[in-house]
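Student: Protein chains in written order, with our numbering: chain A, 254 to 635; chain B, 254 to 635.
Treat the hints as calculated values from the structure; they're not laboratory data.
Warning: the hint list may mix true and false statements.
Same chains, same label: a pair holds when it works inside one copy or across any pair of copies.
In silico EDC-like links for lysine to aspartate or glutamate, alpha-carbon gap of 20 Å or less [stated by the list, open to error]: (1) Lys-468 <-> Glu-449; (2) Lys-262 <-> Glu-518; (3) Lys-609 <-> Glu-500.
There are 2 protein chains.
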Amino acid sequence: MKHFTEEEKIKILSDIIAIKSINENEIEVANYLKKLFDQYGIESKIIPVTDTRVNLVAEIGTGSPVIGVSGHMDVVSPGDESEWTSDPFTLTERDGKLYGRGTNDMKAGLVNLALVMIELKENKELKNGTVRFIATTGEEVGGAGSQKLYEEGYMDDVDYLWVAEPSHDALVYCHKGSLNLRITSIGEAAHSSMPEQGYNAINPLMKYLLEMDDKLNGDNRKNEVLDKLIINTTIINAGNQVNSIPEKAVAEINVRTIPEFDNEEVIDLFNKTADKYNEEGSDIDVEVTMSLPSVFTTGSSKMINLAKELGKKYLDLEPSVIGSPGVTDASNLLRGKDDNFPFMAFGPGETKMAHKTDEYVYKDYYFAFFDIYKELILGLSK
Amino acid sequence: MKHFTEEEKIKILSDIIAIKSINENEIEVANYLKKLFDQYGIESKIIPVTDTRVNLVAEIGTGSPVIGVSGHMDVVSPGDESEWTSDPFTLTERDGKLYGRGTNDMKAGLVNLALVMIELKENKELKNGTVRFIATTGEEVGGAGSQKLYEEGYMDDVDYLWVAEPSHDALVYCHKGSLNLRITSIGEAAHSSMPEQGYNAINPLMKYLLEMDDKLNGDNRKNEVLDKLIINTTIINAGNQVNSIPEKAVAEINVRTIPEFDNEEVIDLFNKTADKYNEEGSDIDVEVTMSLPSVFTTGSSKMINLAKELGKKYLDLEPSVIGSPGVTDASNLLRGKDDNFPFMAFGPGETKMAHKTDEYVYKDYYFAFFDIYKELILGLSK
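Produce the entire structure from the sequences given, and follow the hints as far as they go.
Tutor: Following this line, the structure appears as structure tokens:
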């Protein structure tokens, strides 16, 4: 019988928090987990995404149902480390909270999934079906890891999926998509006293951006759960001398899409509007730098129902069932699945704590989710 | 009798080109010229502008008329030096041209003025009146040097002014003003999935800039010589993460003003429009970073007439008499003078060559302007 003690659980989380997997180095997390799985005879596979970045997939059991459980191994930058009360990469307990970059988003969830796999296997608790543990790379910067897993068929036979993203008080069953575009406007340099000898790249770009903003934010289509699409110009840069007409202006845009107004339609609208400007003498180019579709499921599933019950039982609260504006790896992992696919994001931590200085997860919730995940798997695999 | 040989003229220009007075180090040029003046008993005075930057004023003769002759000691950056055929700070002759940063704009003109002063003094050629040599600092970046000289009264008693800026084929008797503004829009950061928790600083700035562009470029007022005012947004920067709503957006604007639509009116319009935006919830701030007024004179003067004749005589061409879009130190030096003040920019070199890689001045024109300047002074001081 294997029964992880609280000390062991803290030790393993602490080891993984110490790995600075800031948009890179996920391979160290993968190697750590692979070694842990190896100790208990669980087969796992490192799946390269780039030369240096990898996913990890591990599996126990056989046959159906296939329960997919997923978490990402990367964390965001701690920002100014001097603003942290304790070192962001040293798991530190204060007042019942476990502090550290990634405690909340989402190494506590990820470690729980791994440890549950081990106990289920070691104690032969899983009588039926398969559990596929899916640890991804680069979730915070475009989801290259989950894209790779989708492409390689790791989701083809999956019957249930949850990602252990931080949301202990809510079951997220659908979320917006996220689309990043880079818009480049090319002009011609000239001295600002003789602008007619050049072409100012900034003005057509500003007009274009405001027109796209009007078109998209002004669109009335609405998703019943996710509400409206949202667009924001988040970066703009042009020029370096106040006396020179700028020859290049570049903006970056983030669009949060909904099923009713999806990534493809938005991209098409950007391209068509650029064409219009270009016919009038501008030189505007549209580049898609990231495109993650929205995830929409009905939220009616055995999995959601069971998760709600377990939330009540172990967390002493009634998790709400909601849509979210933020993306997860499900944008990639659920490509091609229909609305009835049982999906949720549910894990120790809080959405609002993600990416913050002094990020923490409640220790009790970290432990509670171990039990929730284990019962959830046993309930679904019956 | 002192008569500078061509070799001496080249040597002195070469020494001054070798001084890298790129928006700084004008003091080395001033010290060089002061030492030269000292050798010939001409009194000169270093006039500090900042801790490290200075003007130089030298004078010969007494009483009226007071003829002001002026040039700036700074040059613009050579840019990528590897693109120059020869070292930009080593005066190099090829095919009758003298290459080097500042040969054209405007050390050839400046050196001529200094050498003419010396011959006039040494040979007692100046029978009447005063010649005031005015060498300035920082002309290329806002005219702090000329502003200082105006404030300290060095222009109060001046009857004629020419600046030896490069324009061998044209007498520039009026030019536009130049106004630089920095516009800062403050918002509030938020994650791009929840923009309602913040305020995007970019959008109001873009709207404001386009509105100002419409207002100013759309204004029909026209100067008979200088044509219309021109505005350009030349720099814009905001945001650094595609997933973050930017909390700050900054733009820089250059406006080329005319007497009919002057700097004060433009500044007022920028401020009033910002007030309107701010009443509607934006936070837009307007900062004036440089304000050089336009220079408008009638162009009818003994000086212009004489300069035209001398152009024909020494350059074998008929200089046109024109207005120019580019500013000179006259924006500051002529503050408070009326339209009848005799002013011109006239010197060896070409406007279009200014600030270019492989900048050069024709050697023959460099020498010719020595004679032009000398005869001009003698003609005006009669």
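Student: Against this structure, judge whether each hint is valid.
Tutor: Hint check:
Taking the shortest alpha-carbon separations for Lys-468 and Glu-449, only the inter-copy value of 18 Å comes in at or below 20 Å, while the best intra-copy value is 31 Å. In this assembly of identical chains, Lys-262 and Glu-518 lie within 20 Å of each other by CA distance neither inside one copy nor across copies; the values are 46 Å within and 70 Å between. Taking identical chains as interchangeable, the C-alpha atoms of Lys-609 and Glu-500 lie at most 20 Å apart only when they sit on different chains, with a minimum of 17 Å there against 38 Å within one chain.
Violation of the numbered hints given earlier is confined to hint 2; every other hint is satisfied by the structure.
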